[in-house]
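S.K.: As you go down the protein sequences, you meet chains W and V in turn. Here the first sequence is numbered in the numbering used here, starting from 1 and rising by one per residue. Here the second sequence is numbered in the numbering used here, starting from 1001 and rising by one per residue.
There's no promise every hint is true.
[Unchecked claim] Anything over 12 Å on all C-beta distances counts as not near chain W; from chain V, calculated:
1) Q1123
2) I1184
3) H1186
4) Q1195
5) E1246
6) L1256
[Claimed, not checked] Derived lysine to aspartate or glutamate pairs resembling DMTMM-like cross-links, with alpha carbons at most 25 Å apart:
7) K1143(V) with E226(W)
8) K217(W) with D1160(V)
9) K217(W) with D1054(V)
10) K217(W) with D1114(V)
11) K1071(V) with E177(W)
12) K1143(V) with D1210(V)
13) K1003(V) with D1219(V)
[To be verified] Per label pair, the in silico range of CB-to-CB distance:
14) L1087(V) with N151(W): 16 to 24 Å
15) Q1200(V) with R214(W): 28 to 36 Å
16) A1068(V) with A150(W): 26 to 34 Å
17) A1016(V) with V149(W): 30 to 38 Å
18) S327(W) with S1009(V): 57 to 65 Å
19) R214(W) with E1246(V): 52 to 60 Å
20) N151(W) with G1212(V): 40 to 48 Å
Don't read these hints as lab results, they were simulated from the structure. All values reported here derive from a predicted model rather than from experimental measurement. Heads up, the beta-carbon is just placed ideally off N, CA and C, and yes, glycines get one too.
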Amino acid sequence: MQPLTLFVAAGVVAALAFLISLMSGAVQLSPAEVIATLLHSGNAADSRAEMIVNGIRLPRAVLAAMVGAILGISGAAMQGLFRNPLADPSLIGVTAGATAGASAVIVLGGTLLAGSAGLLLLSFGAFVGGALAVWLVYRLATTENGTSVANMLLAGIAITALAGSISSVLEFSSSNEMLRRISLWRMGGLDGADGGRAITALGAGFVLLIALPRYSKALNVLLLGESEARHLGIAVERMKTQLILLVAAGVGIAVALAGSIAFVGLVVPHIVRLLIGPDHRYLLPASALLGAALLLLADAVARIVIAPVELPVGIVTAVLGAPFFISLLRQRKAYGML
Amino acid sequence: MSKPVIAISNLEVAVADRVLVRDVNLQLHSGELAIIIGPNGAGKTSLLRALLGDVTPGRGEIELGGVALGKWSHTQRAKSVAALPQLSLLNFPFTAAEVIGLSRTPHSSGAAIDQEIIRAAAQSLDISHLMARVYTLLSGGEKQRVQLARVLAQIWRQQDVAPPPGAEAVRLLLLDEPNASQDIGHQQVLMRAVQTIAAQGVAVLMVEHDVGLAAHYADRLIAMNDSRIISQGSAQQVVTDDLMREVFYADIDVQLSDGRPVLVRRKNAL
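Working from the sequences, and respecting the hints, build out all of it.
M.R.: This is the structure:
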């Protein structure tokens, strides 16, 4: 498939998913109603639709799209950086650290958690936890000879395990209600979406979408190996540090805003590679586009399937992602990815 | 005689307190094909890595084009020095053409010229028919030829070289066992391609385990043992019965054919 074809197709899918996301929910709206509201051409009779779309669904759709894009593009960059097709952003400890941070806030936050300030505090805790974990992983893997990718993988496993046991200790000492909150947070959800979160996600997403593609040629060369990349003129150490910081900040913000959402960062770059090959010049933007589309669709499904109750979106991405990933593993030989 | 492409003096390389290269003095000139032979662990690859700046020398100096290697920036070096590693780790499904194309990353010669170079490099190594195939699904020997084509394409044109002020526009090709997984016919194809690029003014330094092959093609042979250069010169000067017996511990008879040493296994040898 030509990259351009994929861009057009993924763009159309993402736009449709965005529209579906604005239409669907406890109150079904028609496409015409949604578009009229977005273009502010509605009259007084449409005020209900306008409130639903602008007040609730638009921030949520923007959040879903940006979180999906961040996870997709970060996954692609991490797989390139680690030269490992099975890498995903959680590998450097972001997700486990964020979970521990969020659990700590839930268990220790007490009455502070009530109301909307609680959600903010929870996001903050998750971000700090994620950032701390990445910083530790990075420090452990860095010596005076530079950052070793293999050590980073191992340190990531160790810090993930450590953060996991911190979370477990917190859960062990928490009440039933706290346990439920922790486990709901873990499943990931976009139900806390509001204007502020949407704008935060938009900002983080834009920074990543502009910054990461600048590394695409260097990432291509890096797939040959680190010394080969150096021999081709790439300042490998500087590039590794910058990429890890960018991805950690992006994914940290995404996890803080929407909880841990499985499979987007892992599966989306694989789908893109299957379709157009591993060239990062196309892989990075296409992964962002497809990640946004996938999370928008998953969120729409999560809201519709047992409406008016919502499923956590992380469950839907895992249910959609796992079978796909299994089939991918079964045919990876033909795909040239051993 | 022109300035050497590379000049090494009193080089010592140590990694984790183990000295891997010591007292190495070596000069390579444009157009020269020099081949290093020596037993496993003699320091051959470490010497190449020092020339690439991958390991920092403990002592001694390396000059590239008359200027200290450290004065060359990453990009300047990438336009002058290309290296083929023993082992390639690439496990992402690029096509062979894309792999070769990665070599043009440091240059800004334009897509049309790059395509032409990629095509020519592939043709010189008999891999034109593999260009659209996925690299990870090629055989070991084919992969190695694709990698060599990539390395050749990196320094294909003299005019792409951009040395730092005061340095000469030199080209250096470092090859670490390029023939390891080639059949005998493709060894000849490969060596012909290497000779061709050397004839265009590139200095080539190559590590080779097949002493017979090295003796046949080398303009200069360099024998290493115990992290030192023990002898260098023409094949006839370097490849002797003594070298075979005392350095390689091999039971080999060295004979001469057209002035070049030929190795014959003794009848009663194991």
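S.K.: Classify the label on L1256(V) as holds or violated, using whether its beta-carbon is more than 12 Å from each beta-carbon of chain W.
M.R.: holds, 39 Å
S.K.: Between K217(W) and D1114(V), does the CA-CA distance stay at or below 25 Å?
M.R.: holds, 15 Å
S.K.: Could you let me know if the closest chain W CB is still more than 12 Å away from the CB of Q1123(V)?
M.R.: holds, 22 Å
S.K.: For K217(W) and D1054(V), compute the direct alpha-carbon distance and say whether it is at most 25 Å.
M.R.: Given that 25 Å is the threshold and the Cα spacing comes to 21 Å, the pair holds.
S.K.: Within a Cα-Cα threshold of 25 Å, do K1071(V) and E177(W) meet the stated pairing?
M.R.: violated, 64 Å
S.K.: Are all beta-carbon distances from Q1195(V) to chain W longer than 12 Å?
M.R.: Q1195(V) is indeed farther than 12 Å from all Cβ atoms of chain W, at 22 Å.
S.K.: Regarding the pair K1003(V) and D1219(V), is the alpha-carbon distance no greater than 25 Å?
M.R.: Distance of about 18 Å is within 25 Å: holds.
S.K.: Take a look at whether the Cβ-Cβ distance between A1068(V) and A150(W) falls inside 26 to 34 Å.
M.R.: holds, 32 Å
S.K.: Take the C-beta atom of A1016(V) and the C-beta atom of V149(W), compute their distance, and say whether it sits inside 30 to 38 Å.
M.R.: violated, 20 Å
S.K.: I want to verify a distance hint. Is the separation of the beta carbons of R214(W) and E1246(V) within 52 to 60 Å?
M.R.: Once the Cβ atoms are compared, 56 Å apart, the range 52 to 60 Å for E1246(V) and R214(W) holds.
S.K.: When you take the CB atoms of N151(W) and G1212(V), is the distance between them in 40 to 48 Å?
M.R.: holds, 42 Å
S.K.: Holds or violated: the 16 to 24 Å window for the beta-carbon distance between L1087(V) and N151(W)?
M.R.: This hint holds: roughly 20 Å between Cβ atoms.
This entry does not satisfy hints 11, 17, going by the numbered hints stated previously.
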